[in-house]
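Residue numbers (the working numbering), protein chains in the order written: chain A, 11 to 260; chain B, 11 to 260.
Heads up, some of the hints might be wrong.
Put simply, identical chains are the same to the list, so a pair is met inside one copy or across any two.
[To be verified] Calculated cross-link-like contacts (lysine-lysine; reagent style DSS-like; alpha-carbon spacing at most 27 Å):
hint: 1; residue 1: Lys158; residue 2: Lys86
hint: 2; residue 1: Lys158; residue 2: Lys36
hint: 3; residue 1: Lys82; residue 2: Lys143
hint: 4; residue 1: Lys25; residue 2: Lys114
hint: 5; residue 1: Lys12; residue 2: Lys42
hint: 6; residue 1: Lys12; residue 2: Lys159
hint: 7; residue 1: Lys158; residue 2: Lys133
hint: 8; residue 1: Lys133; residue 2: Lys114
hint: 9; residue 1: Lys82; residue 2: Lys36
hint: 10; residue 1: Lys26; residue 2: Lys36
hint: 11; residue 1: Lys99; residue 2: Lys42
hint: 12; residue 1: Lys25; residue 2: Lys42
hint: 13; residue 1: Lys86; residue 2: Lys42
hint: 14; residue 1: Lys158; residue 2: Lys12
hint: 15; residue 1: Lys159; residue 2: Lys36
hint: 16; residue 1: Lys25; residue 2: Lys151
hint: 17; residue 1: Lys82; residue 2: Lys26
hint: 18; residue 1: Lys36; residue 2: Lys151
hint: 19; residue 1: Lys82; residue 2: Lys133
It is worth saying that the hints were derived from the structure and are not from the lab.
Spelled out from the first residue to the last, the chains are:
2 protein chains.
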Amino acid sequence: MKVEIYALRHMPYVKKGDDVAAFILKALREQKLELRDGDVVVVTEKIVARAEGREVELSSVTPSREAERLAKVTGKDPRLVQLILEEAKEVLAVGENFIIVETKHGFVCANAGIDQSNVEEGKVKLLPADPDKSAREIKSKLEAATGKKVGVIITDSFGRSFRLGSVGIAIGCAGVIALWDRRGERDLLGRELQVTRVAVADNIASAANLVMGEGSEGIPVAIVRGLSVLGDGSARDLIRPKENDVFRRR
Amino acid sequence: MKVEIYALRHMPYVKKGDDVAAFILKALREQKLELRDGDVVVVTEKIVARAEGREVELSSVTPSREAERLAKVTGKDPRLVQLILEEAKEVLAVGENFIIVETKHGFVCANAGIDQSNVEEGKVKLLPADPDKSAREIKSKLEAATGKKVGVIITDSFGRSFRLGSVGIAIGCAGVIALWDRRGERDLLGRELQVTRVAVADNIASAANLVMGEGSEGIPVAIVRGLSVLGDGSARDLIRPKENDVFRRR
Numbered sequence: 011m012k013v014e015i016y017a018l019r020h021m022p023y024v025k026k027g028d029d030v031a032a033f034i035l036k037a038l039r040e041q042k043l044e045l046r047d048g049d050v051v052v053v054t055e056k057i058v059a060r061a062e063g064r065e066v067e068l069s070s071v072t073p074s075r076e077a078e079r080l081a082k083v084t085g086k087d088p089r090l091v092q093l094i095l096e097e098a099k100e101v102l103a104v105g106e107n108f109i110i111v112e113t114k115h116g117f118v119c120a121n122a123g124i125d126q127s128n129v130e131e132g133k134v135k136l137l138p139a140d141p142d143k144s145a146r147e148i149k150s151k152l153e154a155a156t157g158k159k160v161g162v163i164i165t166d167s168f169g170r171s172f173r174l175g176s177v178g179i180a181i182g183c184a185g186v187i188a189l190w191d192r193r194g195e196r197d198l199l200g201r202e203l204q205v206t207r208v209a210v211a212d213n214i215a216s217a218a219n220l221v222m223g224e225g226s227e228g229i230p231v232a233i234v235r236g237l238s239v240l241g242d243g244s245a246r247d248l249i250r251p252k253e254n255d256v257f258r259r260r
Numbered sequence: 011m012k013v014e015i016y017a018l019r020h021m022p023y024v025k026k027g028d029d030v031a032a033f034i035l036k037a038l039r040e041q042k043l044e045l046r047d048g049d050v051v052v053v054t055e056k057i058v059a060r061a062e063g064r065e066v067e068l069s070s071v072t073p074s075r076e077a078e079r080l081a082k083v084t085g086k087d088p089r090l091v092q093l094i095l096e097e098a099k100e101v102l103a104v105g106e107n108f109i110i111v112e113t114k115h116g117f118v119c120a121n122a123g124i125d126q127s128n129v130e131e132g133k134v135k136l137l138p139a140d141p142d143k144s145a146r147e148i149k150s151k152l153e154a155a156t157g158k159k160v161g162v163i164i165t166d167s168f169g170r171s172f173r174l175g176s177v178g179i180a181i182g183c184a185g186v187i188a189l190w191d192r193r194g195e196r197d198l199l200g201r202e203l204q205v206t207r208v209a210v211a212d213n214i215a216s217a218a219n220l221v222m223g224e225g226s227e228g229i230p231v232a233i234v235r236g237l238s239v240l241g242d243g244s245a246r247d248l249i250r251p252k253e254n255d256v257f258r259r260r
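Please model the entire structure based on the sequences and the hints provided.
In structure tokens:
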């Protein structure tokens, strides 16, 4: 078994209103790469969110009193804090220069996933409003144009508790297994498996992260080939319910 | 840029005293795959620990009073709980059928990484005592035999707070960058990067996890080709200091 991960080299800078799927198809042609049945197309949320107009001018934001208070604690811009609070379902932890929240989507991450990298000065960028839907839209356009069955994963880089450094995380899925349930399967010696659910879409996001990068190399799309992971998954499958999370209950 | 991940198909079942590097070299030959400069050889801790004799007969373990108490709370075998406590520096959380600890190595994981899959009945398997050292030993044997410069990562599958499903995690590293520090670099628009440290070795472990699996397919080794990640890293680079972890401080 061999898996291949291709960095898509010729993606133009995506702006509001652009058609991400059309850009991917054009970049694939320039790279002389053809989609195949079973390919997983991994797309950073950054270009999806930009295409969907999720950039916000900070000068247009009026911070609430709570945002002003948290801005003092964290050293962040109160207008950015206001946006973080608007994107959050719950604030989990606050510290110097960070606010860890559960977003409206259910993702636990720093600053509600709002970022300032690769966004023009004075603006910030929110996560896509419904990344599963974004993935479905890109998937159906890619499939309509190529006639191939593919999966699409929208990714972001998240920090983690207990470990340093960011890893790729799946925040939107379409046509791909997100959480692989292996309960009841057996190991080499015929005993029941202990690791029974595998975060396949997160592993794919992390694999793609190896070629995508956030810096000036700016590779926003990767193609992962050679897996058998097409199926019916949602990024919501990967969200641990709060009541089932020992680090949130206490 | 293209990354390839090869599953090593012909690894025999590893037992105590076996030479993992020699087995890898033999399996590479059978697969007609030659190591190249820059390859990263990813090895599951399961075979490393078995080779190092980290299996323990449960019948040889005498549980302490504390182990008996935690066994009642968790529903686990008190002898297994005893081993978990012996492998732990700190118990972080306890619940039905799980004990989350910081291991002596510094890894936060369930049950101190002790597992019962792919281990004979009546036995359990501890994590390698010093996985960085295990990685260094495998690396130097592979390099001596092939004359190529490679990296080695020892992996395990860990569950996570906030998200469901396990992902590949680097618990031992040799000759490879573990944490890529990008502080000071610029994005496409010349602004300073926000995601500044990337857990490269964990992303590689997750990528390899896609072809390795834990079940009856039993693929314990993968070769990751096409990255530029050789360097001087340790799995310890990826451990978030306790005092820097908001989910441990509170």
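Outcome of the hint check:
1. Lys158 x Lys86: Intra 46 Å, inter 48 Å, cutoff 27 Å: neither.
2. Lys158 x Lys36: within (16 Å within a copy, 38 Å between copies)
3. Lys82 x Lys143: Answer is neither; intra-copy 36 Å and inter-copy 45 Å both fail.
4. Lys25 x Lys114: Classified as within: same-chain Cα gap 24 Å, cross-chain 49 Å, threshold 27 Å.
5. Lys12 x Lys42: Both ways: Lys12 and Lys42 sit 21 Å apart in one copy and 14 Å across, limit 27 Å.
6. Lys12 x Lys159: Intra 19 Å, inter 22 Å, cutoff 27 Å: intra and inter.
7. Lys158 x Lys133: neither (37 Å within a copy, 48 Å between copies)
8. Lys133 x Lys114: within (21 Å within a copy, 45 Å between copies)
9. Lys82 x Lys36: So Lys82 and Lys36 fail the 27 Å test inside a copy (46 Å) and across (61 Å) alike.
10. Lys26 x Lys36: Within. Shortest intra-copy distance 18 Å satisfies the 27 Å Cα cut-off; inter-copy 54 Å does not.
11. Lys99 x Lys42: neither (44 Å within a copy, 53 Å between copies)
12. Lys25 x Lys42: within (24 Å within a copy, 47 Å between copies)
13. Lys86 x Lys42: neither (45 Å within a copy, 55 Å between copies)
14. Lys158 x Lys12: both (20 Å within a copy, 21 Å between copies)
15. Lys159 x Lys36: within (18 Å within a copy, 37 Å between copies)
16. Lys25 x Lys151: within (18 Å within a copy, 51 Å between copies)
17. Lys82 x Lys26: neither (32 Å within a copy, 57 Å between copies)
18. Lys36 x Lys151: within (13 Å within a copy, 46 Å between copies)
19. Lys82 x Lys133: within (21 Å within a copy, 54 Å between copies)
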